Amino acid sequence: MNQRYLIPLTAVFLLFLLAYVGVEGAGLQVVFGVLIPYLALLVFLGGFLKKVLGWAASAVPFRIPTTCGQQKSMDWVKQNSIDNPNTTGGVLLRMVFEIFLFRSLFRNTKAAFNRNASNKLSYSWEIFLWAGALAFHYAFLVVILRHLRFFTNPVPECIGWLEFFDGIVQLGLPGIMLSGVVLAAATLFLLGRRIFDAKVNYISQAADYFPLFLILGIAATGIAMRYFTKVDIVGIKEFTMGLVTFNFVIPEGVGGLFYAHIFLVSILFAYFPLSKLMHMGGVFLSPTRNMANNTRAQRHVNPWNYDVKTHTYDEYEDHFRDKMIEAGLPVEKKE
Amino acid sequence: MSKNMIMAGLGVFVIAVLSPFWFNMVTETKAAPKIELQGKAAEAKKCVLDKYDMRANHMSLLDEWRDSVVRDADRMYHAANGETFNMSLSTGENSCLGCHDDKEKFCDSCHNYASVSPYCWECHTNPKEIE
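Protein chains in written order, with this note's numbering: chain B, 1 to 335; chain E, 1 to 131.
If we strip away everything but chain B, and leave its shape as in the complex, we get:
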């Protein structure tokens, strides 16, 4: 046991219990169902804007793209226009690959000692982090989009299509949604990596474990409600529609598990701008990815350079010519 993951795990358990007991024991549906979600949304948006505006205000005086291929050179040297772009179009393509396919994570390598007698350090391609991250992010996206069915009536058709394809295996009743399974499995994989891989474990902090446990808690409460304990979905939709139309309804008979789910989601939203989860906004602002490598073709001047007072040799000689001639030093112009 390691307190860097024990503390976040305990925290998530306590947060769950807080909401569960608060609703089941103290009847605080309004607090956990209405007040805290609104507060969380405000903190999320306000914090997100503050962070990004802070980044936008900070200086990026130099072109610092990481170059992962041949840069633009002579016509007969083939350029890698995505991994070392020199045009805005190339940068755009690079960003699209980065944001939608996690291209730089795809190149992930691991270092290990050979198991044979030579015991040499060697590097090999490690694709599982990339695959797990991709599965996790896309499953989470689908889960979030599917939840829009609780916030619209009539539900837009595209959400219906998403549900159709997500539930296409038609396993069980209510039918299993693939995104939920993939989300839970991928989160467990990302967590397992931090716990069981000694090298990753060594650099993992509480702030790395907390979001994983929190998301696992959200997925577990959601899955429990859909497949196991069951809830009155029509009552819940009346509640969620109330939240987005400011016409609050507290549904009868919906228990603590639902409010615990809502509370954990609120915590995730409020925690978001304070944490590493801000890579959602940060990926767009990575100067090592979003700048064109054109420093050899174009001169970039530091925008806050002030006019430096120069004193050229000609001016120097004009200034001291008499004294220089007197002292017998060579001068360029005799007059």
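Everything labelled a hint here was simulated from the structure, so no lab data went into it.
Be careful, since some hints might not be right.
To be verified - The calculated lysine-lysine pairs, modelled on DSSO-like cross-linking and capped at a C-alpha distance of 27 Å, are: (1) E:K103 <-> E:K40; (2) E:K103 <-> B:K230; (3) B:K51 <-> E:K3; (4) E:K34 <-> B:K230; (5) E:K46 <-> B:K230; (6) B:K276 <-> E:K3; (7) B:K50 <-> E:K3; (8) E:K45 <-> B:K230.
As the list claims (entries may be wrong) - From the structure, some residues in chain B lie toward chain E, with a derived Cβ separation under 10 Å: (9) R149; (10) T240; (11) G253.
Note that the structure is predicted; figures quoted are calculated from it, not measured.
Built from N, CA and C at the ideal position, the CB exists for glycine as well.
Position chain E against the provided structure of chain B, taking the given hints into account.
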């Protein structure tokens, strides 16, 4: 990246996050269906499950019934309230739709509201539609 692009991106982000709020302002939002018992069901006052359980759990019950009827040929359901029901969705007087005779109101109104499309009706038919 230029300031203008960052501001535009933030604008899009805020609009996307708040979409559930403004979507309901710009489109006409239908109210939740009013659930009421009708016809025979209103008189009978007894059902296979109690009210909340019925709302939350009916799909699992139907799933169990399907297995029981198809695999074990056991068609009788002994409810917690002591009554015995015929395990059937749509056949005969003593079935779900035999008692709750308006499928539109009994099934579809809530399923549409919650964006659920159960595949019951790929095999079963609404008895009222057979003429």
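Outcome of the hint check:
no., hint, verdict
1, E:K103 <-> E:K40, "13 Å, holds"
2, E:K103 <-> B:K230, "23 Å, holds"
3, B:K51 <-> E:K3, "14 Å, holds"
4, E:K34 <-> B:K230, "21 Å, holds"
5, E:K46 <-> B:K230, "22 Å, holds"
6, B:K276 <-> E:K3, "23 Å, holds"
7, B:K50 <-> E:K3, "14 Å, holds"
8, E:K45 <-> B:K230, "24 Å, holds"
9, R149, "4 Å, holds"
10, T240, "8 Å, holds"
11, G253, "4 Å, holds"
Of the hints listed earlier, there is not a single one the structure fails to meet.
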